[in-house]
Amino acid sequence: MNLRAIGCNVESAAVELREKLVFDEPKLRRALAELTARYGAEAVVLGTCNRVELYLARPEDGSPVHAPLVAEFLGEVHGVPADLIVLHLYELADAAAVRHVFRVAAGLDSVVVGEDQIAGQVKEAFDTARTCGATGPLLNALFPAALRVSKRVRTETGIARGQVSVASAAVRFVREVFDHFADKTVLVIGVGEMGQLTLVHLKELNPAGILVTNRSPERAATAAAEYGGQAVPWDQLDDALVRADIVLSTTGAPELIMPRRRFEEKVLSKRGRRKLVIFDLAMPRDFDPRIHDGDPVSLFNVDDLTAVRDQQLAERRRHVGPAEAIVETEVGKFVQDWNRRKDGPVIGQLTAEADRIREAVLGPLLEKLNGAQTAAERARLVEGGLRLLQNKLLHGPIAALRDAAGQAHHGSLRDALRKLFGLQG
Amino acid sequence: MTVSPLQGITHACFGLSYLLAFALELARLFWPRTGWRVAALGLGLAGVFAHTLYIYFHHPSPATPYGSLLLLAWVLALFYLYGTTVRYARQAWAVFVLPVVIGLVGLSLAFAATADAPPLDVPAWLTGEHFWGTVHGALILLASVGVSVGFLASVMYLVQARRVRNKVNPARVVPLLSLERLETMNRRAVNVAFPLLTAGLLVGSLLLKTEHGAPETWLSVKVLSTAGLWVVFLVLLYLRYATNVPGRRLAVLSIVAFGLLLVALAAAHPFVVGEAR
Numbered sequence: 257m258n259l260r261a262i263g264c265n266v267e268s269a270a271v272e273l274r275e276k277l278v279f280d281e282p283k284l285r286r287a288l289a290e291l292t293a294r295y296g297a298e299a300v301v302l303g304t305c306n307r308v309e310l311y312l313a314r315p316e317d318g319s320p321v322h323a324p325l326v327a328e329f330l331g332e333v334h335g336v337p338a339d340l341i342v343l344h345l346y347e348l349a350d351a352a353a354v355r356h357v358f359r360v361a362a363g364l365d366s367v368v369v370g371e372d373q374i375a376g377q378v379k380e381a382f383d384t385a386r387t388c389g390a391t392g393p394l395l396n397a398l399f400p401a402a403l404r405v406s407k408r409v410r411t412e413t414g415i416a417r418g419q420v421s422v423a424s425a426a427v428r429f430v431r432e433v434f435d436h437f438a439d440k441t442v443l444v445i446g447v448g449e450m451g452q453l454t455l456v457h458l459k460e461l462n463p464a465g466i467l468v469t470n471r472s473p474e475r476a477a478t479a480a481a482e483y484g485g486q487a488v489p490w491d492q493l494d495d496a497l498v499r500a501d502i503v504l505s506t507t508g509a510p511e512l513i514m515p516r517r518r519f520e521e522k523v524l525s526k527r528g529r530r531k532l533v534i535f536d537l538a539m540p541r542d543f544d545p546r547i548h549d550g551d552p553v554s555l556f557n558v559d560d561l562t563a564v565r566d567q568q569l570a571e572r573r574r575h576v577g578p579a580e581a582i583v584e585t586e587v588g589k590f591v592q593d594w595n596r597r598k599d600g601p602v603i604g605q606l607t608a609e610a611d612r613i614r615e616a617v618l619g620p621l622l623e624k625l626n627g628a629q630t631a632a633e634r635a636r637l638v639e640g641g642l643r644l645l646q647n648k649l650l651h652g653p654i655a656a657l658r659d660a661a662g663q664a665h666h667g668s669l670r671d672a673l674r675k676l677f678g679l680q681g
Numbered sequence: 054m055t056v057s058p059l060q061g062i063t064h065a066c067f068g069l070s071y072l073l074a075f076a077l078e079l080a081r082l083f084w085p086r087t088g089w090r091v092a093a094l095g096l097g098l099a100g101v102f103a104h105t106l107y108i109y110f111h112h113p114s115p116a117t118p119y120g121s122l123l124l125l126a127w128v129l130a131l132f133y134l135y136g137t138t139v140r141y142a143r144q145a146w147a148v149f150v151l152p153v154v155i156g157l158v159g160l161s162l163a164f165a166a167t168a169d170a171p172p173l174d175v176p177a178w179l180t181g182e183h184f185w186g187t188v189h190g191a192l193i194l195l196a197s198v199g200v201s202v203g204f205l206a207s208v209m210y211l212v213q214a215r216r217v218r219n220k221v222n223p224a225r226v227v228p229l230l231s232l233e234r235l236e237t238m239n240r241r242a243v244n245v246a247f248p249l250l251t252a253g254l255l256v257g258s259l260l261l262k263t264e265h266g267a268p269e270t271w272l273s274v275k276v277l278s279t280a281g282l283w284v285v286f287l288v289l290l291y292l293r294y295a296t297n298v299p300g301r302r303l304a305v306l307s308i309v310a311f312g313l314l315l316v317a318l319a320a321a322h323p324f325v326v327g328e329a330r
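Protein chains in written order, with our numbering: chain A, 257 to 681; chain B, 54 to 330.
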């Protein structure tokens, strides 16, 4: 195996460098063609927001591609000094490179351990390289194996279980309260960044409508247009809360926009028994925390959602050990299978040669045995035939050993023969 | 006349099947294994099969505590199978339904008469030989199913509401149906059970008056607890549709209704004389 994994990730390089090494689609295709042509290597380039990695495989008898060469190449492609890049590159060889791609695909090398996007990104990187004709026997075996390992790790351990973002934790809580969403209304108060991300997740539930309100009518109208919702004047906030089922609040107000008394008098009393889930993602908070009672009003703030996310991350980390064990087993299997595959042609040649020698001895021997009159004559012929077979089989190894006498590899050849024929001392 | 070996099925056959299925379902929540769900379902299925055969061969009378509890347990066992395999496979459905089924089977067993008990003197109309008796029994049994479903939904509702109130991470606890779904289930169960119960009580009252008019029968535990159940249902409907009482309180009332149902089913029928079998 002559494989290298060379690249940088969040741990080895700052975002300022990583963002300069990003490959867009045309640049990626050009780079793959160049890597194949320049180094005679199979190549896959994996680029995500957390890493840029090149997987390069060369023929067994070729010299491997090392990090400085890759730094030079990346420098040319992106217009960044190679000296700057090489300091942040790591290089993994053969089995270590196999282990690395397996860990990456399984999400074990991700910032959010067990995240599932990376498996798709690995697949995409491989598909692109394959369609560009940049892959060969080793990478064509390695990447599908990495995706299988990823699937196995996620299925057999709990590493990918649960949601690990604040937004997905919010959706999880919503699903504890509501069964269906086609008749539900989402109210967005303010247009904070975290609220936008959570709204993207909530929109996937396909609610009946989205209302947007803001102190600034212009901002409310812009946000409503962006989210596909309806703008509501700020002075109609109470009515909007009466209509809403799910509320997302992210204003920058310095004090509560919804004190308890106002909520109970202007909102709760008009809602009947309808349930309401409020996500108060503002800092300082927008809603009086005392309005939370779990039924019918549930109020979750940033800390509540972050706590859920952190619990899930901790839960995932418990499964890292078993996941690493699976990766290690699969690395062993892959390296063993690859070596076996590489030995195939040699074994074939050896068998064909032995067949040729056997036929060369057996044919004449059978002819002579037909003409033999006595048992003693037949025994003499068989012994002669077997001796000839023995001489022919041993001729090659013995001649090679004699020819190597005095040369540097003589000793290792002698040891190899001892090992091959099971000789003592 | 030949006797089928299936006639040898006893309470233990299906009771233990349900118990083992419950144990496996419970274990599965803590140590998830696909095989355990399959084994639990197999045991549950075997339990329902044995339960069905038992009812087929022994014809337990719905007029007796023993029979009515056993029949109700059977309907709920079907409900458990339907929920676990079709509707709520991902939720901890069995963990809530099976204990009720097991409890009802156990309670019916407690009412089972000894082998040498004297034969019952059950009026013909109550055992189903009389049309109105059959109607009365069927209506009460169906209403009982509704009350039981309402009870199950309410227990799950209270658990789920408590979790949401305490902001428990949903990923770290047993999956349950949403509050909205459980409330709908409870509402439908009550809406269906109330007219059935009302009709069943009316038919029963008419029969009581025309065919068994002893005044003391009106004050029997069965009649009083059933009337109490009906009143609780009336209050439930009023609170649900005429007030803004939180879902939690409605759930508690539904649980009280189930308690009254158990008393009503367990109480001796005023018309049945002899051992309660």
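Because the hints were derived from the structure by calculation, they are not lab data. Since this is a predicted model, take the numbers as computed values, not measurements. Glycine is no exception: its CB is placed at the ideal position from the N, C-alpha and C atoms. One or more of the hints may lead you astray.
[Said to hold, decoys possible] In silico DMTMM-like pairs for lysine to aspartate or glutamate, Cα to Cα no more than 25 Å straight-line:
| no. | chain 1 | residue 1 | chain 2 | residue 2 |
| --- | --- | --- | --- | --- |
| 1 | A | K589 | B | E233 |
| 2 | B | K220 | A | E511 |
| 3 | B | K220 | A | E460 |
| 4 | B | K220 | A | D435 |
| 5 | B | K220 | A | D559 |
| 6 | A | K522 | B | E233 |
| 7 | A | K276 | A | D383 |
| 8 | B | K220 | A | D566 |
| 9 | A | K675 | B | E233 |
| 10 | B | K262 | A | E571 |
| 11 | A | K459 | A | D435 |
| 12 | B | K220 | A | D383 |
| 13 | B | K220 | A | E520 |
| 14 | B | K220 | A | D549 |
[To be verified] Stretch-level coverage of chain B by chain A, calculated; a stretch enters the list once three of its residues show a Cβ under 8 Å from a Cβ in chain A:
| no. | stretch |
| --- | --- |
| 15 | 209-216 |
| 16 | 239-246 |
| 17 | 289-303 |
Decide if the proposed pair is consistent with the structure: K220 of chain B and D549 of chain A, CA atoms, cutoff 25 Å inclusive. Given pair K220 of chain B, D549 of chain A holds - Cα atoms ~10 Å apart, limit 25 Å.
CA of K220 of chain B to CA of D559 of chain A, is that 25 Å or under? holds, 11 Å
Distance restraint between K522 of chain A and E233 of chain B, which requires alpha-carbon spacing of 25 Å or less: Holds, because 23 Å separates the two Cα atoms, which is no more than 25 Å.
Does E460 of chain A sit within 25 Å of K220 of chain B, going by the straight-line distance between their CA atoms? Status holds; Cα separation ~23 Å.
Straight-line alpha-carbon gap K276 of chain A to D383 of chain A, limit 25 Å: The hint holds at about 23 Å.
Restraint check for K675 of chain A with E233 of chain B, where alpha carbons must lie at most 25 Å apart: violated, 74 Å
Decide if the proposed pair is consistent with the structure: K220 of chain B and E520 of chain A, CA atoms, cutoff 25 Å inclusive. holds, 21 Å
Quickly compare the C-alpha distance for K220 of chain B and D566 of chain A to 25 Å and report which way the hint goes. Answer holds: K220 of chain B to D566 of chain A is near 14 Å, not above 25 Å.
Given pair status - D435 of chain A, K220 of chain B, alpha carbons within 25 Å: With a Cα-Cα distance of about 18 Å, the restraint between K220 of chain B and D435 of chain A holds, given a limit of 25 Å.
Establish whether the coverage given for the stretch 239-246 of chain B by chain A is satisfied; the threshold is a Cβ-Cβ distance below 8 Å, and no fewer than three residues must meet it. violated (count 0)
Claimed coverage, the stretch 289-303 of chain B by chain A - three or more beta carbons nearer than 8 Å: Since 5 is at least three, the answer is holds.
Is the Cα-Cα distance between K459 of chain A and D435 of chain A 25 Å or less? holds, 15 Å
Consistency with the previously given hints fails for numbers 1, 9, 10, 12 and 16, ordered from lowest to highest.
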